[in-house]
Structures are given as C-alpha cells and as structure tokens.
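> Given the coordinates of chain A, work out where chain B should sit on it, guided by the hints.
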Amino acid sequence: MSLRIVVTVKYVPDATGDRHFADDLTVDRDDVDGLLSELDEYAVEQALQIADAADDAEITVLTVGPEDAKDALRKALSMGADKAIHVEDDGLHGTDAIGTSLVLAKAIEKAGYDLVISGMASTDGTAGIVPALLAERLGVPQVTLLSEVSVEDGVVRGRRDGDSASEQLEASLPAVVSVTDQSGEARYPSFKGIMAAKKKPVQSWDLEDLEIETDEVGLEGAWTKVETATERPARTAGTIVKDEGEGGKQLAEFLAGQKFI
Amino acid sequence: MAEVLVYVDHVDGAVRKPTLELLTLARRIGEPVAVALGSGAENTAAVLAEHGAVKVLTHDAAEYADYLVVPKVDALQAAYDAVSPAAVLVPSSAEGKEIAARLAVRIGSGIITDATDLEAGDQGPVATQSAFAASFTTKSRISKGVPVITVKPNSAAVEAAPAAGAVEALAVTFSEKATGTKVTARTPRASTGRPELTEAAIVVSGGRGVNGAENFSIIENLADSLGAAVGASRAAVDAGWYPHTNQVGQTGKSVSPQLYIASGISGAIQHRAGMQTSKTIVAINKDAEAPIFDLVDYGVVGDLFDVVPQLTEEIKARKG
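As given, the protein sequences belong to chains A and B, one line each in that order.
When we follow the working numbering, the leftmost residue of the first sequence carries the number 557, and every step to the right adds one.
When we follow the working numbering, the leftmost residue of the second sequence carries the number 33, and every step to the right adds one.
Since the hints were derived computationally from the structure, they do not count as laboratory data.
Idealized CB from N, CA, C, for every residue including glycine.
It cannot be assumed that every hint is accurate.
[To be verified] Anything over 12 Å on all C-beta distances counts as not near chain A; from chain B, calculated: (1) D41; (2) A78; (3) V79; (4) E191; (5) N243.
[To be verified] Reference listing, derived: stretches of chain B covered by chain A, where coverage requires no fewer than 3 residues with Cβ under 8 Å from a Cβ of chain A: (6) 49-63; (7) 134-142.
Looking at chain B on its own, in the form it has when it is part of the complex:
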C-alpha cells in the first residue's frame, strides 16, 4: 500500500488535534508516515502510532526555532525524497500552508489548500473545499505531481487505529536559504486555558453588541460554562475589545464547530465567511432584521446582557 506523508504539528512533543485528524484522512489514501520536527519530536511517536502512523520520521535542530519556515521545508522535502509518498498532507495553519506551498513548487506538484474533506479517487485524492465565504463547495484534485494538500481543523474525526509507529531518524541537510529569515525574539502567547479556536467543538463569539472590552467577560463566562473557545467579530477586534487572534471571519480564523453561538453579531459577509459551515448555529441579537438570523437553527431576539447571563446560569444549573 502506498505511503502518505503527514506533517506533524506539535508543541514540544504534544501533538495537536488537527494532526490526528490528518491521520484519519491519510488512512483513506494509504499508510500514514508521520514527519515530526524540532524539540520533542521523538515524544510524538506514541500518540501518532495509536492513530495509525506506521512510521514516525523525526529530526531536531536549532534551525527549526531560530529561522522561519524554510528549515521545515528542507526537512519535509528530505522526507519526501526518502519515502516517495503517494500524497503529502499538512495541517492548514498559516505556517503549514507556507511549508506545503514551497514544497509543492520544489517537487513540481500542484497544491490544494484548506481542504475540509478528503477521499480516495481513481485519479488521486479528491479534496473538498469551501469557496466564496462558504457559499459554494468544490471538489478538486491535483493533476500534476504528487498531491500536496493542506487540511483544515475539524475536517475529520480522530480515530484510534493502532499501528507500529516505528521511530526513524530523518537525515536533513539544510539548504543555503534555510537561514534567510531569523527569528530574533519569540513571545509565547499566554494560555487562556480554553480550547484552541479553530479546534473547539463549541465556539461562543461576541460582536459590536458587546459594547466594550470590559463586557467580554459575559461572553467568556458563557464559553467557560460550555467548555468552549471564545471568538470575536471584526468590529469587536477593530474596536480593541478582544485580541485579533480570536477574530472569526474572512481576515481572521475560519471555524467549523459543532455549535456556534453568536452574541451581538449582525452577520456581515466578512463574519459569515468564517463560521458558515458550523453544524449548529445560535444567535442572540437585539435587531430582529440582523442577517445572522438567516443562518440560525435557533435565535433569540433580545438584549444579550439579559439573555447571555441567564443562559450561562441555566447551563451551570443543568450541569449541576
């Protein structure tokens, strides 16, 4: 059976959920061979094996942290040369897409980004994507070279599928260009203790109606009662009420959770582009004419300062 390269997104050996979802998709096409780079790479093997990786290629070097993107491209290319895979799958993070794109040019292959599903096809893997603010769904394949595909979080279920997961050292020679862009300082983001926005099963977002940074605590309280991530509309972010890393929409994150709760968000196209594919959508808004109500499974026309705290209390009461 053909091997499929899976690029591993991990933090010091802790594998992030989208990579495990990639393994589910990779098994539809062939046998997953994982590539883990940087500090803690070897510690990824156990969990990757549990989810179907037949091999885990690892390499650590200071270059991965000290220089932007290119060292990782060099390593993924080394893995590609070593394995001759049938496809290369990479998580659709900002960095993941850049790594995948550069690899595609180097190996003379087409690239598909932000896939939301993947299936085997007669002429190679067929990828599903959303287009035009998720108003269209397309199915595409790669017509030249070995398919390079980046996949969005929440595109597949994480499945246990025990495999050997044998760790092999990957030999990497960095290119001359690897040290072109130096990372001179890195400030880790303070952890909120909440799930990652793009990976969360439930997202609770606030918009213009929240009317001030100090009021976002009521959105956070609702999120915490559900174990959800917190999102914000562009209006709320531009007003400085919430960080840009939490922005949902065309110029922020695109999310596809099981449940999306929009509070005080009108639902302009810019916002819809980032949340329209959510399974269940709920909205609270004072304006009965707000376009967000066209998308909802359940909507409450009312003041979010009344409805949201009451909802939070009721959830806490029901959860006991």
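The following block holds chain A by itself, in its conformation from the complex:
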C-alpha cells in the first residue's frame, strides 16, 4: 500500500522584509512579500527523499492560510510534491498556534496519512510547537526535531540532537515528524518541476469541510491575546574605532569601563 505523506507548510512574510503588526495585532501580510517558510523546505525535501526510498508513496502538501498561501503550495509542488490542500476561510484570520493545530489535525485526518512531516518552526511565529500539538491531537507518536530521518517497514527512525545529548528515536507509523535545518539542503525546483506543478491538483477546503465551528478559531477564538506590540527602539549609535594596532587594547579598555573585566 502506498505510503501517504502529508507535509505541513506555512506561507510567511519574508524575514528580510520590514515585518510588522497590523492594527489588530496580527502579523501584517499585506506590506511584505510572502513565501514558503524556509524551514518548511527541509520538510518537503525529507518527504521527497523518504518517498524516493519507498516502493510507492504519495506526498500531499498542506497549508492553512489566506489566498496568497497558494504560492507556498506551488513552491512545494514544484520541488516534487504530488498534490496540495489549501485550507482557506475568512474565519481563520488571527488563529493562534493551538487553533492552527486543530485545523491542521482535522485536515490531515480528512486527507488520510501514514506520516506527517513538518519543519522545526515557522520563520514568523517561531514557537516550534505545532508538530508536538499535532501529535497530541492525532494521538500518534511524536518524533521531532530530527537532523536525520528514515522510514522502513512501517517504522520511522531519526536522530534528535539536543543540547545535552544526541538521541536515536524510533516509532511505528502513523507518526508526526519534524526536521531541522541540519537534515539536508533542500533542492531547488527544476524548470520541469515548475512546469509540472502548474498541472498538479490543489484542493481547497474551508471550515465547514473540516466540521470546525467558527468560534473555535480566528482572532476571537484564540486562547491567547496580544495586548500591545511595540517597535523596539533603535539601539543608540555606539563608538566605532578603526584598528591602528591598538584596537584590541582599546576594546579591553571599553570592557573594563563597563565592568566586564
């Protein structure tokens, strides 16, 4: 039977742009170009490698987001994923991580899956908790933050490099996996891949399709509330000296003045 892989991806504002908050304190998505979160490219890459190693596999890439989020799906399809699901609904605006995990979990269950692969975190929210939340909601093993991953005979194995130890993990499918940016460089879409992606199916689902009530998600349904967002004041200009042979000593003098020495 075919190995069904679902890759969750996020469409995020470009980190090199001037990111800020909208009036309702949600992430402003209008003034900065969006793209597939860089950390999700690693998830797509590992899905492609696992699919290559399997006899028969199908990769579905899944996102929750506004109309433009289709760009993220298209990128993943052009890298080689087989099909895409876009969960889109006006009621989703302002959904927090807990709500997002609910929507993703319902969509993953509706799509059918053996293996879910996520990136380690999004580059905008950066919390990195959605994979653990998905495992909790789906009731399947969590095999997260892997820098190496493989699937064989219905078992997923991987290496999790923590601060105090490196661990080898093992779980039976179905399971939720997340991979780090150490898992292997993501491929660039080929011209052929880009052309092929245009013909790949992208399904659209809304909250009704997933049997989710509008009060469970969105800004009103969020279980956290951002009360204020303040731009950090620019750091005051410091002293810059050119090294004329005494740069190290001058720096030591500064550090001593600040009581670091």
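Quick look at chain B alone, frame taken from chain A:
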C-alpha cells in the same frame, strides 16, 4: 495565595539556572510548587526550597529516559490535577516547549512560548515576548484556561527566597501514548567546561571571518579569558567549522547575555534574530559597512586575527 506549577529542568538532580529564574517569576504570581521528574528528582529539593519552592513534587520512572516527551506530559498533567494551579511555567528549551504545548491542549488552555518577562495582571499573568527577529516587543496574556507559559533563559535574576520546599511523591499513571516514541540510544554531549550558551552572561561568537575550523581556537581563547560561552554564525556552522549546537540566530539559539562579542560576523537578519536583545554588543569586523555595526555599543573595524588575540592578552593581563 494561588499556587504556580514550575517544571524543573535538572540533570541527575542538579537544577539548571533557568529553573531558578522561573521561581523568581513564579513568586510574582503566586506560591511556586516545583515538579521534578526522573533520576535524581528528590535531590533538587534543597536548591528549589532555597529559591522559593513551597513544595517539590517528585517522581522517578524509567519511562522518562526511555521514551520521548509524553511521559513527562503525563506527569505534569498529574501535578496539574493534584494542585489546580493558577499558572504553569516551563523553561523554554526545545523539550520544554513541546511538553508545555501538549499539556495546554490536554487541559484546554492557551499557551505563550519564549516569554522574556512575566508580571501579574488583573486578568492573569502578562508575558513579554520578542517578535520578528526582536524588532518588536509584545505583551500578551492567555484568555482561556490556566495560563501555560514557557520562559527563555536569562529572563529574570536568580533570587534567594527560602521556603519550605517539602518533598511530596507525585502519583503518575502513564497514558497509553507514553511509550509511542522510543529512545533507542543516547550519546551525551562532551562537556566543554564552558557555560551553557543560552544561560551565559557573556557570549563570544565567530562567523565567516574566522575562516576555518582551526581558527576557532582564537575565539575560544577569548571566551575562556572572560569565562564566556562560544557561539557561531550560521555561515560558520554551515561551513562545518563549529557545531550546530553553538549556532546563534533564527535557526539556532537565541541568546540575551549581558555582553555579546561578535567577531567576523556581518550581522545578517538571520543572526540578529538570535542576539539582538543582548545588553551590551561589541563587534570586530574588517568591513566598516557590515550591518552588525548598527547594533554595537563598541565596534572595532579591523582584522580579527590582530584584534582578538590582542584583546585576549589584555584581558588576561588586567585580570592578572
């Protein structure tokens, strides 16, 4: 006074500093009740009591080491059920955030991650967070359930506040899912003898300008002269010059030390995201136009191979 659950991060009974910082923050909201799990859990009690824990709930079982995350979630949930706390605080490590997130879904609560400060508020604790590579600061609270909040290292001072710290055995029944992900092997990281990167008061980092793994010794020598941790930029890590566990930036660690010294690091957004909230920032770079100089309190435009060894010698001389 309401009780606040504090999840204890410890290694065989040695409590790590971020947990003591959590106790400082917990005391602003209520009476800290600590939860210590695994081997050596009972040995944490003395130091936790010294820093304000009124109770220390402990439990040890092989499952904590043999299976990933879920046994700890089961135990924290058992403590939550036993105590009915006003909030749950967890250190913001990779594992801490996963434990906290799963607990939040189970108890029907909102979650705030990576808080850098916490204060009591009329409608529950208010958490400060950094957003968009630390270019914004937000204040948030949890609007449903009992607040579950993870807090980053260096977010509060460690304060002595002696309390009873009575040890109580926690009764834990593991869920069916607890044994889902087996840890089949564990290789502890060799200790460098230097402070933990995220907890260090001083961090010395090297980047592309260090130009080779063999040259990182000059960064390490400077770090050792200051008792500092060593960091590296993504460029240096991707080039294989230094381990990924030392990477500072968006896809590595985010640090907030008293002093951050960047050597041969240009200061791309990816790096700034991980160090921008440092109190004092110093940089050494050949390129006077490098964006890192926009952030510094003191910068030296020069060759790090000249400046860094001279700085190290001068520090050693001054320290005698």
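> For each hint, tell me whether it holds in the structure or not.
Status of each hint after checking the structure:
The Cβ of B:D41 does not lie farther than 12 Å from every Cβ of chain A; its closest approach is about 10 Å, which violates its non-interface assignment. Look at B:A78: its CB is around 22 Å from the nearest CB on chain A, clear of 12 Å, so calling it non-interface holds up. Every CB of chain A lies more than 12 Å from the CB of B:V79, the least distance being 18 Å, so the non-interface label holds. The non-interface label for B:E191 is consistent with chain A: the shortest C-beta to C-beta separation is roughly 21 Å, beyond 12 Å.
Every CB of chain A is more than 12 Å from the CB of B:N243 (nearest about 17 Å), matching its label as outside the interface. Three residues within the 8 Å Cβ limit are the bar, and the region 49-63 of chain B against chain A gives 0, so the coverage statement is violated. Note: the region 134-142 of chain B has 6 residues with beta-carbon separation from chain A under 8 Å; the three-residue rule is met and the coverage holds.
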